[in-house]
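As they're listed, the protein sequences go chains A and B. According to the numbering used here, the residues represented by the first sequence are 2 to 121, in order. According to the numbering used here, the residues represented by the second sequence are 109 to 220, in order.
It is worth saying that the hints were derived from the structure and are not from the lab. Yeah, the Cβ is synthetic: ideal placement off N, Cα and C, and Gly gets one too. Hints may contain errors.
If you only want the chain B side, here are some residues facing chain A, beta carbon under 7 Å, derived [said to hold, decoys possible]:
hint : residue
1    : I115
2    : P116
3    : N140
4    : S160
5    : L170
6    : L197
7    : K207
8    : G211
No farther apart than 16 Å at their CA atoms in a straight line, the calculated lysine to aspartate or glutamate pairs in the EDC-like style are these [claimed, not checked]:
hint : chain 1 : residue 1 : chain 2 : residue 2
9    : B       : K207      : A       : D58
10   : B       : K217      : B       : E123
11   : B       : K207      : A       : D57
12   : B       : K217      : B       : D147
13   : B       : K207      : A       : E15
Output of the computed footprint for chain B on chain A, the stretches with three or more beta carbons under 8 Å from beta carbons of chain B [what the hints assert, rightly or not]:
hint : segment
14   : 19-29
15   : 68-76
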Amino acid sequence: GAGVSQTPSNKVTEKGKYVELRCDPISGHTALYWYRQSLGQGPEFLIYFQGTGAADDSGLPNDRFFAVRPEGSVSTLKIQRTERGDSAMYLCASRQSTGYSGGRSFETQYFGPGTRLLVL
Amino acid sequence: KQEVTQIPAALSVPEGENLVLNCSFTDSAIYNLQWFRQDPGKGLTSLLLIQSSQREQTSGRLNASLDKSSGRSTLYIAASQPGDSATYLCAVRPTGTYKYIFGTGTRLKVLA
């Protein structure tokens, strides 16, 4: 089946502009994560959705960042008034649920290929 | 505050060698720990997930162990191959949260 997809794969914008990054999770996955990864670093948690609601947005760096998931499937990460420091790879991941049954964990995250954002 | 450290930062080994990658975390209150692989410029692929109640998980040539009380996990790769070359990341999910805290990774190169 199809994996997690992210669009665009690359985005170049100018400082101060608004950008939207899209994530299409695996069908049926109720949980969705956004991460940001800078070069040479591990992914940094931004926000977690369970269904349509943001269950944990403690990783959003400031109020310029916002994410939505209105129908519990596709999610959009929105960045207002972009700054050069926002340049990074933005990764999305989805997972089926939570818990563990019959030797199988539902916690495994499936990552998309990422959107590389460059703010000039 | 939970912090995750991975040592070494980079590792180069000849093909066929068995190797161990290390991950340490500062707070033992974790729900689970995952090991991922990341190829250059790509997203992450989950390799193994260990629940807090488990001691180890195995998949093929990979074995991951977890010692929660000492805040350590190791990823053992048997009979390494050039195709194993990638960055390996560990991540912990603290108890009572849904977020994952990642280490900075170990960049592995297996020489043919």
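Hints and how they fare:
1. I115: It is violated, given that the least Cβ distance between B/I115 and chain A is near 14 Å, above 7 Å.
2. P116: violated (14 Å)
3. N140: B/N140 check passes; min Cβ-Cβ to chain A is 6 Å, inside 7 Å.
4. S160: Given a least distance of 10 Å, the restraint on B/S160 is violated.
5. L170: With a minimum Cβ separation of about 14 Å from chain A (threshold 7 Å), the hint on B/L170 is violated.
6. L197: OK, holds: B/L197 within 7 Å of chain A, min 5 Å.
7. K207: Hint holds; B/K207 Cβ to chain A Cβ min 4 Å, cut 7 Å.
8. G211: Because about 5 Å separates B/G211 from the closest Cβ in chain A, which is inside the 7 Å limit, the hint holds.
9. B/K207 <-> A/D58: Roughly 9 Å separates the two Cα atoms, so the pair holds.
10. B/K217 <-> B/E123: holds (9 Å)
11. B/K207 <-> A/D57: With a Cα-Cα distance of about 8 Å, the restraint between B/K207 and A/D57 holds, given a limit of 16 Å.
12. B/K217 <-> B/D147: Since the Cα atoms of B/K217 and B/D147 sit roughly 11 Å apart, the hinted pair holds (cutoff 16 Å).
13. B/K207 <-> A/E15: violated (31 Å)
14. 19-29: Result for this restraint: violated, n = 0.
15. 68-76: Violated: only 0 residues of the segment 68-76 of chain A have a Cβ under 8 Å from chain B.
Consistency with the previously given hints fails for numbers 1, 2, 4, 5, 13, 14, 15, ordered from lowest to highest.
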